[in-house]
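Assemble chain B onto chain A, guided by the hints.
Order-wise, the sequence lines are chains A and B. Its first residue numbered 1, the first sequence is counted upward by one per residue in this note's numbering. Its first residue numbered 1, the second sequence is counted upward by one per residue in this note's numbering.
Take the hints with a grain of salt, since some may be wrong.
Stated by the list, open to error - The following label-pair restraints were derived from C-beta to C-beta distances: (1) B:His102 - A:Ala209: 32 to 38 Å; (2) B:His102 - A:Arg106: 48 to 54 Å; (3) B:Ala74 - A:Asp39: 49 to 55 Å; (4) A:Ile2 - B:Gln224: 25 to 31 Å.
For the record, the hints were derived by calculation from the structure and aren't laboratory data. In this text, all values refer to a predicted model and were calculated from it rather than measured experimentally. Glycine included, each C-beta is placed from N, C-alpha and C at the ideal position.
Chain by chain, the residues:
Protein chains: 2
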Amino acid sequence: MIPPAMILVRPQLGMNIGMAARAMWNFALDDMRLVAPRDGWPNPDAGPPAAGADHLLARVAVYPAVAEALGDCALTFATTVRPRHMAKPVVTPREAAEMIRHAAARGLKSGILFGPERSGLTSDDLAPVQTIVTCPVNPEFGSLNLAQAVLLVAHEWFQAGTSAAAEAMASERDPEPHIPAPHADVAALIAHLQQELEAAGYFHVPTRAAATRRMLAELLSRPQFSAVEVRTLRGVIRALAEGPRRRQLPPADEV
Amino acid sequence: MIPPAMILVRPQLGMNIGMAARAMWNFALDDMRLVAPRDGWPNPDAGPPAAGADHLLARVAVYPAVAEALGDCALTFATTVRPRHMAKPVVTPREAAEMIRHAAARGLKSGILFGPERSGLTSDDLAPVQTIVTCPVNPEFGSLNLAQAVLLVAHEWFQAGTSAAAEAMASERDPEPHIPAPHADVAALIAHLQQELEAAGYFHVPTRAAATRRMLAELLSRPQFSAVEVRTLRGVIRALAEGPRRRQLPPADEV
Chain A
1 MIPPAMILVR PQLGMNIGMA ARAMWNFALD DMRLVAPRDG WPNPDAGPPA
51 AGADHLLARV AVYPAVAEAL GDCALTFATT VRPRHMAKPV VTPREAAEMI
101 RHAAARGLKS GILFGPERSG LTSDDLAPVQ TIVTCPVNPE FGSLNLAQAV
151 LLVAHEWFQA GTSAAAEAMA SERDPEPHIP APHADVAALI AHLQQELEAA
201 GYFHVPTRAA ATRRMLAELL SRPQFSAVEV RTLRGVIRAL AEGPRRRQLP
251 PADEV
Chain B
1 MIPPAMILVR PQLGMNIGMA ARAMWNFALD DMRLVAPRDG WPNPDAGPPA
51 AGADHLLARV AVYPAVAEAL GDCALTFATT VRPRHMAKPV VTPREAAEMI
101 RHAAARGLKS GILFGPERSG LTSDDLAPVQ TIVTCPVNPE FGSLNLAQAV
151 LLVAHEWFQA GTSAAAEAMA SERDPEPHIP APHADVAALI AHLQQELEAA
201 GYFHVPTRAA ATRRMLAELL SRPQFSAVEV RTLRGVIRAL AEGPRRRQLP
251 PADEV
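For reference, chain A alone in the conformation it holds in the complex (with noise of 0.2 Å):
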């Protein structure tokens, strides 16, 4: 069973990296990833807390930005206390646990985010993820924090593993299933995009780029792309943008 990535994005405080993977390891969960952790790492503030759980701190996997940190994962979630508007699905914990469980009986990896401790996770860092994790908590109370909101994630991944026969009719019951491809052929189909559109003068409008960037990887990203659906896509690409000079020339995938 390949387990999903647990990934705190810039935490801010060293004793809650060490609760939230001590409530990941309560769930046998060992995958933590950090996006630029505040105060670096190692942070000797993770050792206490997370007493017991000390090997997963040791193999934690320290990353510049989200997309690398999502560089292997197929499926990608992004959990918040609200949804903004957004066009992706939401879930809720249990439901994410369920297409955890089914991706990765099909040898797919999974991928969370969870957001720094006071601001959450910002607009760009949801823009290139697929669905969005919301656990519905009290409407006049809706704070969870950090190692919390890892807690019951983890709590449910859990949970929905102990139906091991759930697994078993889910591969039967998608003989040949799509396959998303892994993040890093997304973000990359997505910076060569967004490359092709700067030299073309799309993005003039200064006060509309960031906007439009993040619409695009939206876009880009929802549609769980095959591997092989993403390489036609960049396919395209040069084509639009380079077919007037290469009219003669092979694609260049055949080059």
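This is chain B only, laid out in the frame that chain A set:
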């Protein structure tokens, strides 16, 4: 809906009482009871970690013994990490939540005991209780702290809420649901892309052209792009196709 009483038996640290209160209120539970808290009650250490759930602490009822704290409860539960040998049913937090909801619908109150931080509940505490609640955890690492145990039980209780409540939340979750564009818009997008690709010499291998066209149509239909997204993509195609021409690049045969 009658909320279950969350009963902390001989809790040691005020901080943990405060964190438990906060975890309860995250899931709209407000009936906290204490049995013989070590440091008496009220406890000033409980206030800060309860931030936002202080009203629960103000209403906490304190009892000298477990039997009194369970006095008005028709259903009685006790949480343990690992059930000792006992002639009592053992359920998960999820199953307990169903039982509690079911009982509440019949006007019956439930009470759940949580043991002291280090030692847990004694055999004497457990003896008068009907049902044991044990959360399935990593068999190698079963230690949940007090507030986490309260959080998981409260979370399950909330999730087990009526489907009406879930639906109410779902509508709140998606204030402006994603609306796919009419098919005509998508068809025009596909035609536009294929026309520009044709012009760029992309379909130069005739035997593969039909399959590639199908894949592109599939690619662009599956995501259910909104009208705004379709417009954006058409702008992207235009920019890519026309950008280089606007930059006055010579045609390929003149290079």
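Unmet hints by their number, sorted upward, for this structure: 1 and 2
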